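**Student:** Sequence:
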Amino acid sequence: MYAALAERVSATVIGRYSTSFSLATRLLPDGVREDVRNLYAVVRIADEIVDGAAAGHADPQEVLDVYEAQVLAAPDTGFHTDLVLHAWAATAVRSRIDPAHMRDFFASMRSDIVRDVHDEESLARYIHGSAEVIGLMCLDIFLAHADPVPAAQHAWLAEGAAALGAAFQKVNFLRDLGDDRDVLGRSYLPDLQDGPLTVEIRDRILDDVDAGIATGRLRIPSLPAGCRAGVASAAGLYEELSARLRRTPPHQLQYTRVRVPGPVKAALTVREIARSRR
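As numbered in my numbering, residues 10 to 287 make up the sequence shown, in order.
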């Protein structure tokens, strides 16, 4: 009963914070769906420590350090009074999540506290920890519920998982341009340190996004069958966001967050389900 309650709490977190990813996870099979939700809940709480509910109430770096230690220790304890950590511990053990991925994730979260601007090198590290490792941990979850794959195939799939994660993050950089600058005081994109967003810069970023999604899509047919529709749905949503961002004048991106309307999301999801069954 306690484990089921813990997983229900994690499901509530993703449902409240991300309708898009909540929809995509519903397409995943039982077991996989719960583990992805458990991962998302931990990631979301870390983000809240840095930019959300904990802001102004405590030293965010100290709180983040404590939470990282709890997340890394949770798989070894087996029981936790924090329901999200209890659910995460079971997921980490079942899926054999590499603790290094979580350390890289928390390193990126920590950089949000201490760094306001990025150069190309620091941005690459940030994208790896904030996005690529999330894709890699999701892949570990998918494969933990399926037959083992050869090392070479695992590496090939991991390349696609990381590429999708990076592409999604770059889309979010453009979507959140105004809030990052005006609310959080950050500039993730090195190209914007010497001037405003231009069509050339926007399209160069979106070219990278489209290439990353294409790399990920190439690997979706090789994922466990039950996971394909969920991953394809997320990829389709970000393809649509990329297209809408490309149609939005750069100056509007400074104060407008591009979204995909609910009916369009639903149509994309139906399309990806049909494609995944071919």
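Simulated from the structure, these hints should not be mistaken for lab results.
Careful: at least some of the hints might be erroneous.
Said to hold, decoys possible - Derived CB-CB ranges, DEER-like:
hint	residue 1	residue 2	range
1	Gly204	Gly40	47 to 53 Å
2	Gly204	Glu130	19 to 25 Å
3	Pro272	Ala234	34 to 40 Å
4	Ala13	Ala223	21 to 27 Å
All of these numbers come straight from a predicted model, not from anything done at the bench.
C-beta atoms are modelled at their ideal positions from N, C-alpha and C, and glycine is treated no differently.
**Student:** Failing hints, ascending?
**Tutor:** Failing hints, ascending: 3 and 4.
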